[in-house]
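For chain A, the structure is supplied; the task is to place chain B on it using the hints.
Taken in order, these protein sequences are the chains called A and B. This note's numbering puts the first sequence at residues 4 to 353. This note's numbering puts the second sequence at residues 4 to 353.
For the record, the hints were derived by calculation from the structure and aren't laboratory data. Please note that the accuracy of each hint is not assured.
Some but not every residue of chain A turned toward chain B, in silico, with C-beta under 8 Å [said to hold, decoys possible]:
hint, residue
1, His-180
2, Leu-181
3, Ile-184
4, Leu-209
5, Trp-286
6, Leu-289
7, Tyr-298
Restricting the straight-line Cα-Cα distance to at most 20 Å, the calculated cross-link-like pairs of lysine to any residue (SDA-like) are [what the hints assert, rightly or not]:
hint, chain 1, residue 1, chain 2, residue 2
8, A, Lys-217, B, Lys-234
9, B, Lys-217, A, Gly-183
10, B, Lys-217, A, Lys-92
11, B, Lys-217, A, His-122
12, B, Lys-234, A, Asp-258
13, A, Lys-92, A, Ala-68
14, B, Lys-217, A, Met-256
15, B, Lys-217, A, Met-185
16, B, Lys-217, A, Asn-264
17, A, Lys-217, B, Arg-255
18, B, Lys-217, A, Asp-258
19, A, Lys-217, B, Asn-264
20, B, Lys-234, A, Lys-92
21, B, Lys-217, A, Arg-231
22, B, Lys-217, A, Lys-234
23, A, Lys-217, B, Met-256
24, A, Lys-92, A, His-122
25, A, Lys-217, B, Ser-265
26, A, Lys-234, B, Arg-231
27, A, Lys-217, B, Ile-290
28, B, Lys-217, A, Asp-288
Pairwise CB distance ranges, derived in the manner of DEER restraints [said to hold, decoys possible]:
hint, chain 1, residue 1, chain 2, residue 2, range
29, A, Met-70, B, His-197, 56 to 62 Å
30, A, Asp-288, B, Gly-121, 40 to 46 Å
31, B, Asp-158, A, Leu-345, 26 to 32 Å
32, B, Ala-247, A, Leu-181, 43 to 49 Å
33, B, His-197, A, Asp-294, 19 to 25 Å
Since the structure is predicted, the reported quantities are computational estimates derived from the model, not experimental observations. Just so you know, even glycine gets a beta-carbon here, dropped at the ideal spot from N, CA and C.
Number of protein chains: 2
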Amino acid sequence: MSKTRVAVNGYGVIGKRVADAVMLQPDMDLVGIADVATDWRIMAARGKAPIYGATDDAAHAMRAAGMDIAGTLGDLISAVDIVVDTTPKRVAAGNIQRYRDAGVKFVLQGGESHETTGHSFVAQANYESALGRESTRVVSCNTTSIVRVLGALHDAGLLASARGVLIRRATDPWESHLGGIMNTVVPEARIPSHQGPDAQTVMPELDLVTIAAKGAHTETHNHYWTLRMTKQVTRDEVLDAFRAAPRVAFIRMSDGLVALNSTIELMRDLGRPRGDMWEVAIWEDLITVQDDEVYLTYQVHNESIVVPETIDAIRALTGSAPDAASSMRMTDATLGMTGDFLTPSPRQPE
Amino acid sequence: MSKTRVAVNGYGVIGKRVADAVMLQPDMDLVGIADVATDWRIMAARGKAPIYGATDDAAHAMRAAGMDIAGTLGDLISAVDIVVDTTPKRVAAGNIQRYRDAGVKFVLQGGESHETTGHSFVAQANYESALGRESTRVVSCNTTSIVRVLGALHDAGLLASARGVLIRRATDPWESHLGGIMNTVVPEARIPSHQGPDAQTVMPELDLVTIAAKGAHTETHNHYWTLRMTKQVTRDEVLDAFRAAPRVAFIRMSDGLVALNSTIELMRDLGRPRGDMWEVAIWEDLITVQDDEVYLTYQVHNESIVVPETIDAIRALTGSAPDAASSMRMTDATLGMTGDFLTPSPRQPE
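In isolation and in its complexed conformation, chain A is listed as follows:
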């Protein structure tokens, strides 16, 4: 079977990670990378795949800066089966017609609206409904985490409703000089915040409300949930549901992982590329059960959590893996994902 030819348009926080992940997949070829930058951000991509100017102006500026580029976006998309568009929010929507005209499939990211593709994607929840489609949208980092975690309890028949408070990171580390640590908290000016309805684009059956705020810190999101169960549950039932779920991993206060920065440092110590954490990290020892209510706290590495979903979305659209399980197994093994960072677990890739 021939490999899927993949282009990445937009070599930013997500795009560079997707490009690296594509290179790890045995069934994919990274044909090229398109961007508009002329500085370190795109220079760091040299050697991975040919680089293209995402616009004519960008191609001109890149050549003027002495960069060796292979052409423009038009040249790139004519040579691939699928484009992963990781350009900034709302830029991708403007690229759709070009992809359609070229007859290539495309994956958008969560910055775009559901309507741009008519399909929103989280591998474990709705891989099959994306099979063979022209396009899909991998939902945002927060939404992905919600579908993974609440989906696990829903699939186990346990979840009645969910009310969550999301403390988002202020800005990404690479652009902290533009905003950085704010020394304030900024409540999202609307309740419910957008993440709840966004998760319902993937799992419409979820009864959930999210309230969000931007925190003062720069790395990772942090969610606090009050969950009502369909019945009185034991803590073990909840733990078992998470143990059976893909792409969530336990962390523990009792292991000294007491704050967001502890986990971030652990990822570095584990040798994760860029310190990435593709799994949702749930504090196991904070999972608290009281009658039919469950309280829990988890951490979302916003820079990387959607990378495995994007790889699976490529397979779904191109039909190169017939179901979620076979695609996710390949993705998780190549990245080295785990169900527990410090203790071997059955879900650890063989």
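Only chain B this time, still in chain A's reference frame:
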């Protein structure tokens, strides 16, 4: 009627504010201030009231530093009716026997446990049960805000249960050089966090669970609540309950008060001493009603919110005001508290 003679032991974040507030009360005399510091912190108190060494060692060090002190804590407490102990967490518990031996009443702060006095105080909730007692404990800033806000809905017959997420400030501004902006979030290592049970020391009938975390910022706490009502309610019913409640004030995203720092800056612009906000600031336009659920967000100025409660606690213990309403009216008027910072309201002091 003679004035109540008050001592403040511990001239820190709370103590200095209580001292200033006592000086504003027509029925109180600030007899003296005790502390252990020899630097700017206590030097700034000169001229307000005589200063005492809180221990013999402190008195010695203060005299050695050239400070003009009036004696030690023992001298001070023999000259007053009541001591407000605002020393650091758990130091106050060690002072209780001295107060008892001297036959003076005493008010402790929320850093001490409920058991130290057997009574926990929020003026609007249980002033009358503190009348004539030897001592009480003014609950912490977070707990005070919870009792005020949830108490308002409870008193209106609306509140069935409350689940809250509390994003606490990392550290106080004055000691930010010791900890400061942390660039992380630290979940409290226990669910429920202590604030829920603490609020129940004042209002045992509240059905509430709190989940808390330390944020990265340095000024004010921020609470996010999911409330279940006793019935389907309208937004106006909720607003009316808050409009009728003491010591909560509305703020609005639509007025440009979009984050914690906006409100902090507004307090400065309003000429509040030290930028204090004694009221709980509830985002009116974030109050969201969905069937029998209410979602809301408010801000707590941890440095000052317990100051009015402490003033009322003095009156309750000494019996100098017969009920909560008459004490609170005096306290609120002397401080200049309001029900709405930007729009005149019926509760604004005449």
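Is the Cα-Cα distance between Lys-217(A) and Ile-290(B) 20 Å or less? holds, 18 Å
Go through the hint on Leu-181(A) and say holds or violated, using the shortest Cβ distance to chain B against 8 Å. violated, 16 Å
Hinted pair, alpha-carbon criterion (20 Å max): Lys-234(A), Arg-231(B). Please report holds or violated. holds, 18 Å
Straight-line Cα separation of Lys-217(B) and His-122(A) no greater than 20 Å? The hint is violated at about 37 Å.
Closer than 8 Å between Cβ atoms is the bar; does Leu-209(A) clear it against chain B? Give me holds or violated. violated, 15 Å
Lys-217(B) and Met-185(A) were given as a pair; does the straight-line alpha-carbon distance stay at or below 20 Å? Between Lys-217(B) and Met-185(A) the Cα gap is close to 15 Å, so the pair holds against 20 Å.
Is Lys-234(B) within 20 Å of Lys-92(A), Cα to Cα? At roughly 41 Å apart (the allowed maximum being 20 Å), Lys-92(A) and Lys-234(B) break the hint.
Holds or violated: Lys-234(B) and Asp-258(A), Cα atoms, limit 20 Å. violated, 44 Å
For a C-alpha distance cap of 20 Å, please report whether Lys-217(A) and Arg-255(B) respect it. Distance ~17 Å between Lys-217(A) and Arg-255(B) Cα, so the pair holds.
Verify the proposed pairing of Lys-92(A) with Ala-68(A), using a straight-line Cα cut of 20 Å. Roughly 26 Å separates the two Cα atoms, so the pair is violated.
So the hint says 43 to 49 Å: do the beta-carbon atoms of Ala-247(B) and Leu-181(A) match that? Given about 45 Å between the Cβ atoms, the range holds.
Does Lys-217(B) pair with Asp-288(A) here, judged by a C-alpha cut-off of 20 Å? OK: Lys-217(B) and Asp-288(A) at ~18 Å, within 20 Å.
Consistency note: the structure conflicts with the earlier hints numbered 1, 2, 4, 8, 10, 11, 12, 13, 20, 21, 22, 30 and 31.
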